[in-house]
Every structure is written in structure tokens, then in C-alpha cells.
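Could you put together the complete structure from these sequences and hints?
Residue-level listing of the chains:
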Amino acid sequence: MSSFLKVTNLCRYYDNVAAVQKINFEVNEGEFVALLGPSGCGKSTTLKMIAGLEQPDSGTIEIQGKNVLDRAPGKRNLSMVFQSYALFPHLSVKENILFGLKARKVPKPERQARLDKAVEMVGLGPHINKKPGQLSGGQSQRVALARSIVSNAPLCLMDEPLSNLDTKLRADMRTEIRSLQKQLGLTVVYVTHDQIEAMSMADKIILLNQGRIEQTAAPEHFYDKPLTTFVASFIGHPPMNLIPQADCVLGVRPEHVVIVGDGDIGANTGVEMVVKECDYQGSETIVTGEYSGAEIKACLAGKRSIDNGEVVKIRWEPAAEHRFSKQGGQRLKADG
Amino acid sequence: MSRTLHILSVFCAWALGFVWLFPLIYAIWAAIHPPEYATHFSLFAPLTMENFKAAWNEAPFMRYMLNTVIITTIILAGQLVLCTLAAYALARMEFIGRGLIFALVLMQLMVVPEILIVENYQTLAGLNLVDTHWGVALPYLASAFGIFLLRQTFKTVPQDLENAAKIEGCSVLAIIWKVYVPLAKPTYLAFSLVSVSYHWNNFLWPLVITNTEKSRPLTVGMSIFGAPESGVDWSIISAGTLISVGPLLVLFILFQRQFVQSFMQAGIK
Amino acid sequence: MANSLFPLTAYTIYSTMQSSKQIHAWLLLLPAMCLLVAFTHYPVVKTIARSFYGFGTRWESKPTLENYRYLLEDDVLMQVLYNSFLYAAITVPVSIVLAIAMALWVNGKLAGKGLLRTAYFTPTVLPMISVANIWLFFYSPEIGLLNKLLGLVGHGGINWLGDPSVALYSLMAMTIWKEAGFFMIFYLAALQTIDRNLYDAAAIENASSWTVFRRITFPLLMPTTLFVLVNALLNAFKLVDHLFILTKGGPNNASNLLLYYIFENAFSFFDTAYASALTVLLLVVLVVLALLQFGVIEKRVHYR
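Protein chains in written order, with my numbering: chain A, 1478 to 1813; chain B, 39 to 307; chain C, 268 to 571.
Derived from the structure by calculation, the hints contain no laboratory data. Errors might be hidden in some of the hints.
Stated by the list, open to error - Some chain B residues close to chain A (C-beta under 8 Å, calculated; not the full set):
| id | residue |
| --- | --- |
| 1 | Pro196 |
| 2 | Asp198 |
| 3 | Ala202 |
| 4 | Lys204 |
| 5 | Glu206 |
| 6 | Leu221 |
Said to hold, decoys possible - Pairs of lysine-lysine residues, derived as DSBU-like cross-links and limited to a Cα-Cα distance of at most 35 Å, are as follows:
| id | chain 1 | residue 1 | chain 2 | residue 2 |
| --- | --- | --- | --- | --- |
| 7 | A | Lys1702 | A | Lys1681 |
| 8 | C | Lys288 | B | Lys193 |
| 9 | A | Lys1790 | A | Lys1774 |
| 10 | A | Lys1543 | B | Lys216 |
| 11 | A | Lys1571 | C | Lys288 |
| 12 | A | Lys1571 | A | Lys1552 |
| 13 | B | Lys223 | A | Lys1582 |
| 14 | B | Lys91 | A | Lys1571 |
| 15 | A | Lys1585 | B | Lys223 |
| 16 | A | Lys1702 | A | Lys1790 |
| 17 | A | Lys1543 | A | Lys1594 |
| 18 | A | Lys1607 | B | Lys223 |
| 19 | A | Lys1499 | A | Lys1552 |
| 20 | C | Lys380 | B | Lys223 |
| 21 | A | Lys1579 | C | Lys288 |
| 22 | A | Lys1645 | A | Lys1803 |
| 23 | A | Lys1659 | A | Lys1645 |
| 24 | A | Lys1607 | A | Lys1594 |
No residue lacks a Cβ here, since even glycine has one placed at the ideal position from N, Cα and C.
Pasting the structure below:
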């Protein structure tokens, strides 16, 4: 019972600086895995090494149980969607989609059938004879997806495919890509720096930082049980408040912080915070203040306005507390 | 004051333009009129095609033209292929000694083959290629200018396009042919126009390496044809000149815009 | 598991892939490099060797400075070098000034500037050799067009190509005619990159057109001028085609230029060794110009 894609001890150095160090993970067949992390964390390099566009300095990559390191990118039986879409500007939409099938000398009738199916799936019908220059961002994105679909490759690598789209379109494409993936039973490795994309689409997230894996888990675990302070401060919007304590670092999500008001049940509990800023965002107001030498953010429903310098009392449920070690920022087991 | 200056400036512009076109205008005038009008301007001079006929019979123009076309074609075809391959390697492949190779290539921009006629003649004599089309063409097949120009263009092609082609299983040659060449079309056109006009007009090296009309191009043919001691009169020389520049001139007039832009593009890089 | 018989370590794969990349790169370069070496680098080396080991068309077993000694004693060479430098010193600046004027006219608001541009550019695409025949007619002493025109104003005529004090200048005129339109192209390209706002700003300041040219256009064309200058100098040493038709270097070497002199020595006097020494001299000139060009490119970069 081996996994579909297995990456073992993968390392890559540029001029003796590690871009990727000792990365290990497995992807099951039909699984959607997001490689998440800030820019420069090594996620794109990892993806390129899986594709064969870059060679690792050490480690192995196995696809369907076979070590593929000695195979050229074209022989790894995978497809790739690029951040820039990588559409050939001199070819029409149709020719772009068929590029790979022609290169692989797939017979014409089969080519046509696969083309029709892919075009249908992504809804490109009326644009098939246009050149990439005449397409909108969303349409170009669909061509790139169609190119990946026609290849019939079981593994699809996506390198920040949505980062060039506007917010609205991005949300639509997220659902669309996810449903395509399920329909086709594709195994997807999806690189992104956007936690919302990773959280909403992936079965499993691998969070990278400085070439190392910080945490590998299902999306909900990232929110509920971040393994490190890095994960805690990366996931969530705004990120988790980290308050240094004598023996540990205390973490509380802004949405779990409440301001103690008149008539509140625990009116006498809580700690004092000096308000520095109120940022109204429509459905909520984010109040920033200072407590115990740390900056605290609290997400409050509706519009609230509190004067700068005013002292308010805040509190949170003990169950909402996360504790991390002072050295290394690792999650401490014994919660509460 | 400024108005008179402006008129003066416009006048100078057109006067210069007239002087610049004058040799060509004159050649046309002399060629289509009987010889007695070569130095005598008259609106009522009778038109004639006799000069063209005479020139055509005087020298094997057909043969010269054919030689020029063959030589120019060999050179252009060779340059396009060789420069493309070399330019891709220099633009997109990492290998030991790339800097040195590129420097060696650039050297030819300064030291053009014309300057080395003495040794190149010896080399081609050793290869038994004197007085052949290949003899004229060989020293020019690898063009540093072409390599440089294409390298610059290839460097602007996004790396992701090449990666996409690699994922689809394309070999290096397929990537060059299907991705880089189509994207560099304007550069190929620019380079081709510059190359064709250069080699159509090239003289010194063909003069050295050709001996007979078997391989002699138009320019060398014209130098023999037009020599004063050949005793041919001006009208016929003019007609011959027009025959020799005709194809290129037609090409120039048809592709005028591209010509100017090509030379511009070629010059800027 | 699958590769347990031949364990593929990343390192061995990496190195084999790297070496196959190296081989690919060299294969792509091979045809072009062979030809470049055969017809540029090898002949340069051989020319230098022959200049030391050659005597006439033969090779000597011991190196000799004989060819170079002769170089210093050769009065014709002195004349040729003087001609070559004078030729460059006059044709280059005149061509450049005309080229700038042409570019300004063609880039301006003149009616029919397309036709004008074609007129200026036409000599560039015409073969020097063919057009030289027409120029030969203009210059010919008895029936030549120029002398006829002089005759109209009562002048007795000039022996344009036969008079040693005039022949070289007659050649220069044709060179300028051939080159100016070519250089115009570079200026035209440069003019089109100048920001229109600068001219609008100058118009608001009510600057005269001369001030605009001197303060805005000309300084911004400076990098182009340096670039054109070096290329024009190079061309001045390479462009000798018209000598074959017009003067053949005469009368009495009055219009002989370095590259033509090399040709004469090699293929008329059959003194290959001396021609090699002369070629070395020309190569030195080119290397100096090359160094100059690197300096110029450097400056262009700083300028931007």
C-alpha cells in the first residue's frame, strides 16, 4: 500500500544556501495537497523538482512507486499549470490545448475527442480559435486547465494558478478547480501563498518555511492545533496573537478575544488592554491594543469605535488558548 | 524670421533627398533613352528598351543573377539554422565555458571575414572550393551578428513556455522549433533582410574567391562589365546597373517599412 | 523498492543529467563554432604567424621581422595610412552630421516624409559596386555630368578622379552618400524614444528650436552618436568596394586605402607575407576600436 507520490529527504541548494532541506511527504491517489508558505519558502522549487524542471541535490521522488529522478519532465506522466499560464502566444486556444498531444503523436480522432471533452469541461467553446492575447485572465486560466485535462496525466502540478486573477474570479475558480479535480479523480499538488486557497481547496496542507516543513495536516488542524508559532501566525486573518509569558508563549486567536462590557457575565474577570487603533471592516471591527508588552488584536462583530488610549478589559475562554515553548516555538502538549 | 528658417530647412531636406536619389534617377533616365540623351536632357527624348537588350547580351546577367541568388540563399539558410542553434545554447543553456565562447563569437563582429581575405583564400584553396558557390558562402555561414541578435531575442522568451513544452515531452530541438523560432519571427525577418542586402551587395570576398562566370555574383560581374576599358557606353552600363540592383530594389520598395525597421532593430541591439 | 538493483542516488543522476546538458549545449554550438573558428580565429592566428614566418608566398623556417621592417620603410604605406585616416576623419563626421539632420527632418512634421526617408535610405540597400559605375560617369572628365554642370557656369572642369589632390575627396563624397542614410536609421530609432513631454515642457518655456536641439535633442542623442561613431570608423576601414571601379587606389596611390592595399599586395603583387603584416596592422586598428566600443557601451549603460 504505497502512496501515489512520495518525496523523501529532498534537498536543493543554490550557491550553498538551502532552498529546500530534507522535505518528506506523501500524497495519496486522488488527493488534493496544497504546498503553502510565504515567498521564498521553497514550495515552488519543490514543485519544480517533482516536475523534473529542476534536479534535487539529494533525496528521492517516487511516483506510483517508481523513482522518477532519472526521467525527463515529459516522461513523468504529469501535467502542470503555471502561474503565468505559459500559453504559447503564437498558437490559438485549440492549438495550445493540443500542443502536448501533437508532441506525443496521439492519433487525430483521439485528439479531437479529448479536446472536445476538455473544452466542454472548462467552458471554452466560443473562444477556441482565439489567440491567447485576446483572452481575459480567467479564460487564459481555463486554457491552461484544459491543457492539463487533455493530457490525461493522473498527477497535476499547479504553481500558484490563481495569483494573477482578481478576488471575485479567484473565488469562482477555486470551486471550479476543486470540482474538476474530483470529477477527474486527479491527484493534485497545488502551490500557493494564499492560506484561503489552501484551506478551502486542499485535503491536506503542507506548510513550508525556509525550506523546511512546519506542519503537515488537514486544513482544520492548522486552525485548531497549529504545531508552531510560525504556523499560528501564518494561518488565520488576522493571525493569532502571541503573548510572551514567563514559561511559554501564549496564543489566542483575535476572534476569540472579547471585550468585557457592562452586564457581561464575567464583568470582573479579564485583563486590561490599552487601545491603539480601531479598524472597521464592515462585518467586524479589528481593535488593536497593547497588553503585557505584546500587541493584541481582537475581532469584534459590527462597528465599534473606541478612542485611542482608552483602557478596556479583554478576556478569552481557556479552551481558546494555545501554548508554545519559548525556545523554538513548538506546541506544548499539555494544554490547559 | 522663424518662418523663413523653416522654409529653408524644408528646402534643404528635399534638396538633399533629391541629391541622394539622383544617381538612381539618372540611371533610369539613361537606361530608358537612346545613348545620345545620356548627357543631354530633353522632355521629348524617345523611350527605348534597346539599352537593356544590349546590356543583357553584353554580359551573362542571367548567370550572375542566378549565382547571386544561390549564394545569398545558401548563406541565409545556413545562417538561420546555425545561428538559431548557437543562440539557443548561449541564451538558455548553462555549460562550462559559456562566457569564453560568447566572447569568441563577438570577436567576429569586429574582425569580419573581408579583412582576412588572404588566409581565407588559402583555406578555401586547400578545400578545393575556389570558384564555387560554397566557397563564397562558407566564411559567412556562422554570423556573430545573427547569433547575438537571436540570443538577445531568445532571452526575452518566458522560461515557463519552455518548461511547459518540456512537461509535454518536447526534446531540445522541438522546443527550439516550436517555441523559440515562432516567437522570434520579427527578429528572423529583420536579420534576413539585413543579411540578404549585405550579401547581395558584397563584393570584395566574391571578387577574390571567384574566377569564372560559373560562380561569379552580380557585383563582381558588374565590376568587369562597367570597367571603362570594356568600352561599353553609359546608357548600357546604366541599364546593366538597373538589372543588377533591380531585384533588391523591388524587394526594398515592397518591404520598405520592414527594411527600415529591421535595420533599426538590428542596430539597436 | 523498484530501483533496488541499481540504486539511483540523486547525485549520480544529477551529474549524468548535467553532463548530458553539457553535451547538448556543445552539439548545438558545434557547427557555428567550427565555422567561426575556421574563418575568423584560425586565420587571425595564421595571419600573425605568416607576418613573422612568411616571405613572399613562401614560409621560412625561422621567424623574421623582415615584413615589419619593410612596413616601416614603405612610403606607399605611409601614403595609404595618411589617406585612410584622412578618409575616416572626414567621412565620419560629415556622415554623422548629415544623418542627424536627415533624422530630424524625417522625424518632424514634414509633408511627404515617408518619401524623403526612402530617398535617404535607398543608397544603403544599393550595391556599392553597381552604383559606383554611375558615379564614375558623374566624375568622368570629358562628358561627365559634374563637369558639364561646371561648364554651364563657365568653369573649365575638374579631373575628379585623375587629379591626385582631388581623387580621395571624390571617393569620400560617394562614401558619405552611401553611409549617411544608414546612420540616419539609428538616430531615427533614438529620436522615437525621446519623451514627448520634454518638448512640451520646452514649448511652455518658449525655447527656440535651436535651444531645444542643443539642450534636449542633441544631449539625448549622445549615446547613439558614440555608438554610430565607432561603427562609422569601423566601416571607414572596411568599405573599399568603390575603389575598384572609381580609382583603383590611384593616381599614384593618392586615393589608396589600407584594405585595398592589402588586397593589392596579396592578389596583384603576390606578396602574401607582406599583406599579412599589413593585415596585422589593420587588426590592431580594429582592436583599438573594439576597446573604444567597450568603453562606449559602458558609457551608454551609465547614461541610462
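Verification of the supplied hints:
Annotation: Pro196(B) was flagged as interfacial toward chain A, and the flag holds, the nearest CB pair being 6 Å apart, inside 8 Å. With a least beta-carbon distance of about 4 Å to chain A, the hint placing Asp198(B) at the interface is held under the 8 Å criterion. Because the closest C-beta pair between Ala202(B) and chain A is about 4 Å apart, less than 8 Å, the hint holds. A cut of 8 Å between beta carbons decides the hint on Lys204(B): the least distance to chain A is about 4 Å, and the hint holds.
For the restraint placing Glu206(B) at the interface with chain A, the shortest Cβ-Cβ distance is roughly 3 Å, inside the 8 Å limit, so the hint holds. Because the beta carbon of Leu221(B) sits about 6 Å from the nearest beta carbon in chain A, less than 8 Å, this interface hint is met. The straight-line distance between the Cα atoms of Lys1702(A) and Lys1681(A) is roughly 14 Å, inside the 35 Å bound, and the hint therefore holds. Of the supplied pair hints, the one linking Lys288(C) and Lys193(B) holds, its CA atoms being roughly 18 Å apart against a limit of 35 Å.
Restraint check for Lys1790(A) and Lys1774(A): satisfied, since their Cα atoms lie roughly 13 Å apart, inside the 35 Å limit. Distance check on the hinted pair: Lys1543(A) and Lys216(B) sit about 31 Å apart at the alpha-carbon level, within 35 Å; holds. As the CA atoms of Lys1571(A) and Lys288(C) are separated by approximately 32 Å, the hinted pair is consistent with the 35 Å bound. Between the alpha carbons of Lys1571(A) and Lys1552(A) the distance comes to roughly 23 Å, so the proposed pair stays at or under 35 Å and holds.
Taking the CA atoms of Lys223(B) and Lys1582(A), the gap is near 25 Å; set against the 35 Å cutoff, the hint holds. Between Lys91(B) and Lys1571(A) the alpha-carbon distance is near 55 Å, which puts this suggested pair outside the 35 Å criterion. Distance restraint check for Lys1585(A) and Lys223(B): the Cα-Cα separation of roughly 28 Å lies within the 35 Å cut-off, and the hinted pair is therefore satisfied. For the hint pairing Lys1702(A) with Lys1790(A), the CA-to-CA distance comes to about 26 Å; that is within 35 Å, so the pair holds.
A threshold of 35 Å between alpha carbons decides the hint, and for Lys1543(A) with Lys1594(A) the separation of about 30 Å falls inside it, so the pair holds. Taken as a hint, the Lys1607(A) and Lys223(B) pair is honoured in the structure, with Cα atoms around 20 Å apart against an allowance of 35 Å. Distance restraint check for Lys1499(A) and Lys1552(A): the Cα-Cα separation of roughly 25 Å lies within the 35 Å cut-off, and the hinted pair is therefore satisfied. Taken as a hint, the Lys380(C) and Lys223(B) pair is honoured in the structure, with Cα atoms around 28 Å apart against an allowance of 35 Å.
For the suggested pair Lys1579(A) and Lys288(C), the alpha carbons sit about 25 Å apart, so the restraint of at most 35 Å is met. Pair hint Lys1645(A) plus Lys1803(A) does not hold up; C-alpha atoms about 40 Å apart against a cutoff of 35 Å. This hinted pair checks out: Lys1659(A) and Lys1645(A) have alpha carbons roughly 22 Å apart, not beyond 35 Å. Our distance criterion of 35 Å between C-alpha atoms is met by Lys1607(A) and Lys1594(A), whose separation comes to about 18 Å.
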